[in-house]
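So the chains spell out like this:
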Amino acid sequence: MTKTILVMTTVALSAAAMAAPQAFDFKDPKGVNNAVFKLDAPLEAINGTASGVSGTISFDADDPEKLTGKIVIAAGSLTVPNPTMQEHLHGEQWMDVAQFPEITFESTKVANVKTSGNKTTADITGQLTIRGVTKEVTAPVSFTYLKDRLADRTMGQMQGDLLVVRTTFTIQRADYGINPKAPADKVAEEIELTLSLAGAAPKK
Amino acid sequence: MRIGLRIAAGLLLGITLVVWLATGAHTGWTKTRVTTMRIDPITELEYPEIEKKFVAGVDVLGAGTLPALALFGCSYLFKSQPTKKRKDHKP
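Quick note, the sequences are listed as chains V and B, same order. Here my numbering is used: the first sequence runs in plain steps of one and ends on residue 204. Here my numbering is used: the second sequence runs in plain steps of one and ends on residue 295.
Chain B with its partners taken away, still in its complex shape (with noise of 0.2 Å):
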């Protein structure tokens, strides 16, 4: 129980911050439109082109990290098996 609640823990933390990282390591809030400033050639005017696309903010960030680190604490409530000692054989 104590190894899974780790692997799950790692698991959790490993998949969050890849997500966190491959969508740009965005430092503010989450994302699902991303606005890019486009000049017009005509009018010279800045105006916004909306895409659609996550960016994963602090938000996901803690929503993994936080539940990580919990499944990490819960995994020391339980005692770790105690390694079995090996019989010396003698012929």
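Only chain V is shown next, with the shape it has when bound in the complex (with noise of 0.2 Å):
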């Protein structure tokens, strides 16, 4: 009897083990992580990354719905190729990073959730602060979920799960305060922005 309960414990243990929710952290040690952002301009479109990434993502393979998180990007990692344009992007009239060093996004709904073997899509709400200012957003964003991957990009040093997250949605620069002086013939209202992130969950 003391045997069957025990076996019992340990079986329902191991589910709701496996189906907690992982907390991926996105600060990679190997600079993967980036967002990319464009704003078209008459000459040529302005591009730049950023790389300065970090931040954690809960999530259940089993359940993505149950999706929560936040990622953080350092504003002054925002780089572009021309050195006059950088030193206006971190400037007071654009980006501020001395006043606002942090771009951050915090989810808080999951809506249209569709699963296909490891990947999942989703339209991710969440509250979006940049220069100080929120506002909600939605993104379509794409999950693959890489089990038993970290060993691969770690070798072998450490074991766990890898969650690989992509989107590309638009925000509008004047709402946020991005320079709204600056001319939309001179420089594009919409900035695209792109995220490619992978988060690791190492196992104890």
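Hints are supplied without guarantee of correctness; some may be wrong.
Claimed, not checked - Computed cross-link-like contacts, BS3-like style, restricted to lysine-lysine with a CA-CA straight-line distance of at most 25 Å:
#1 V:Lys147 x V:Lys70
#2 B:Lys257 x V:Lys38
#3 V:Lys30 x B:Lys257
#4 V:Lys38 x B:Lys256
#5 V:Lys30 x B:Lys256
As the list claims (entries may be wrong) - Listed next, the stretches of chain B that the computed footprint assigns to chain V, with coverage defined by at least 3 CB atoms under 8 Å from CB atoms of chain V:
#6 227–241
#7 247–260
What the hints assert, rightly or not - Which chain V residues stay away from chain B? Per the calculated CB distances, all over 10 Å, these:
#8 Gly55
#9 Gly91
#10 Glu106
#11 Ser196
Think of the hints as simulated: they come from the structure by calculation, not from any bench. Backbone N, C-alpha and C fix where the C-beta goes; we use that ideal spot for every residue, glycine too.
Two chains, two frames, some hints: make the complex.
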């Protein structure tokens, strides 16, 4: 009798552990995680990248609708190829990185979840904060759950799972007070953001 | 003076064109960083690899070409030196 209870408890605990959401850390030591932003401009489009990504997403592969999380991008890591543009981008008129060092996105709602194999797509609604201005945005996000692939990225030093997150969405420059005086015929009002992120959930 | 200004204009234009062509004849703004997108083999994510490299843009082209044209234009402010007539030496 005691043995049966012990086995049942073990099975129940294992099932609970498997169903539990995992916390994926998005501070990537390999420096792969990035955000790409694009604004149209007359001579050539302004293309930039940001690599200072961190944050955590709680994801359950069996129940993706319960996803929660927050992604943080260091505004100081925003980079454009032209040095003068870079100075302007970090300056007060544009991103004012000295006063607003972080860009954050915190999820609040998950909808239209579709899962096929290890891939899940969903519309994630959340609070996007840029330059201290917070607005609600909804972005189509794809998740790829790579079970037991963390070892491949760490040369076997860590065991665990990976979660790959991809999304592209647009925001309006003026909504966040990003140089609202800049005329739209010189720099587009619309900013296209693409996030390519991989989070790790090491097994303890 | 006239010839000197024209030589200076030609040199400036030539150097500007050589620099612009040698760094890739980029038709956008000057770059001091070049981004190449790579693919991570495990996650298949595309990520930027940034390399410090000077690529002259149309601003550099303009900054060299316009003063060269100005120098060439200024050369017309100076009169050309009259060519000396050879005296015929008769024995």
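Hints, verified against the model:
1. V:Lys147 x V:Lys70: Satisfied, since the Cα-Cα distance of roughly 22 Å is no more than 25 Å.
2. B:Lys257 x V:Lys38: Holds - the C-alpha atoms of Lys38 (chain V) and Lys257 (chain B) are around 21 Å apart, at most 25 Å.
3. V:Lys30 x B:Lys257: holds, 23 Å
4. V:Lys38 x B:Lys256: Holds. Lys38 (chain V) to Lys256 (chain B) sits at ~21 Å (cutoff 25 Å).
5. V:Lys30 x B:Lys256: Holds, at about 19 Å.
6. 227–241: holds (count 9)
7. 247–260: Holds: 8 residues of the stretch 247–260 of chain B have a Cβ under 8 Å from chain V.
8. Gly55: Gly55 (chain V) is indeed farther than 10 Å from all Cβ atoms of chain B, at 16 Å.
9. Gly91: holds, 17 Å
10. Glu106: holds, 22 Å
11. Ser196: violated, 4 Å
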